[in-house]
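With chain A's structure known, arrange chain B on it following the hints.
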Amino acid sequence: MTEAAVCPVHHERDHPLHPPIGFAEAVSDGPVRMVWPNGVEAWMVSSYAGVRQVLSDPRFSTRKGGQPEMRTDNGEEVLDPDQPGNINGIDGAEHMRLRRPLSRGFMVKRMNELRPRIQQIVDEHLDVMEAKGAPADLVASLCLPLPSLVIAELLGVPPEHQELFQATAGDLFGKNGSKDEYLAHATKLAEVLTPIVEAKRAAGTNDDMIGLMANDTDFSMEELIFLCIGLLAAGHETTSNFLGLFTLHLFEKPDQLEVLRRDPSRADVVVEELMRYTVGQLGGPGLTRRATEDVEVDGVLIKAGDWVSVSLMANLDEALCPRAEQLDLERDAVSHLGFGFGPHQCLGANLARAELQIGLRTLFERFPNLRPAVPVTEMRYRNDMITYGAAEIPVVW
Amino acid sequence: MTVRIDQTRCIGSGQCVLAAPDVFDQSDDDGLGVVLVAEPPADLLPGVRDAVDRCPAQVVTLEE
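In order, the protein sequence lines correspond to chains A and B.
Heads up: the first sequence runs through residues 1 to 397, numbered per this note's numbering.
Heads up: the second sequence runs through residues 1 to 64, numbered per this note's numbering.
One chain only, chain A, in its complex shape (with noise of 0.2 Å):
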């Protein structure tokens, strides 16, 4: 093989819906190498195939250490590697006997059960935003407060602790701090999870999540703790923004806003390929792995030890559906990696499914005037190197 070219990772977007600029000519050859602004250097992967390989290859390790990603841009390490509890960072046997229990967690009827309740929250928040009149901030209407609400049901936090813990989980996800915020945050919430794991553990019970993690299963409680901090950074950080983001295309493209009003019980199929779309169009790299061994991915061999990351662009290949780089509610669901591929694919994607089917139905149905106050353009937006979406979706109806 020959050696590719070096281009940098970033996240300059000439338009806050579109990949980062030069992204896709970057990536259009097959795998290149590229280098993170921390200075880790790592294959990026951008076809469907090639995406659906090191996701699911146990040749590519998800074990944390010098991760590009999971290192601040002066090359310091967000987490422990060796951090209890962190599902991301861990392979086969060991990630099993984490992940299955919170599978069980997440069950398809378990999360259809939960959907009269999610209901109820997207009903109450838009009466709400309603009563104030317009024009009004949507994520922090409905957005933010939806995933984070129904996590923290899921989860079990009883009542009484719900204002402390949204507060705290706010402090923790809400902002892009610096890596001691992260960890002062990290252990306050640790303090308020403490009591709640340590209550249901007496009494035994194991209907919700934490009841369940702490009474059938064997994690420590540093694992118990580090899971439930993760279960609600994923809760809060990543439905919020894609609720958000889907709003804004549908905003964008008034004819496929047209395709959900004329018959909203397609929801379903549209949350699909708005996921597609939206996660095609972020482009930006996100998953890394390792190789553990000499493996050839798209006709690129990458090195044992060599960093590989994954572009979820992956989505706008026409090798998963025609005209891919279009998006088509009339389409039915195609096997998108929005949520990502292999063994550690989104553990709650079908709650993130319900919230979003629920919510964007629910948001058109009752605002059916519902459009941006200001330009798309011209609204704030977040960027870390995992999470992207609107700080603020300015509204009026």
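To be clear, the hints were calculated from the coordinates, so they are not data collected in a lab.
Here a beta-carbon is modelled for each residue, glycine too, at the ideal position from N, C-alpha and C.
Just some of the chain B residues that point at chain A, by a computed CB distance under 10 Å:
1) R9
2) C10
3) G14
4) L18
5) A19
6) S27
7) D28
8) D50
9) R54
10) P56
Simulated crosslink set (DMTMM-like; lysine to aspartate or glutamate; CA at most 25 Å straight-line):
11) A/K109 with B/D43
12) A/K109 with B/D53
13) A/K109 with B/D28
14) A/K109 with B/D25
15) A/K109 with B/D50
16) A/K109 with B/D29
17) A/K109 with B/D30
18) A/K188 with A/E76
19) A/K109 with B/D22
In silico negatives: residues of chain B with every beta carbon more than 12 Å from chain A:
20) M1
21) A38
22) L45
Chain B alone, transformed into the frame defined by chain A:
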């Protein structure tokens, strides 16, 4: 046509249940995928093929 799930590698993602709810379920005991109809009729096969494709752990197989 026989549908199987390799439970030793199943992660309980439930993608098979979403793809073909008449053919797959998740066990109440451990959340892992279970096959309800091992020899599904022809009209259920598209959903089963979708499940084979979507399974993130690639543990659903259809022997044709």
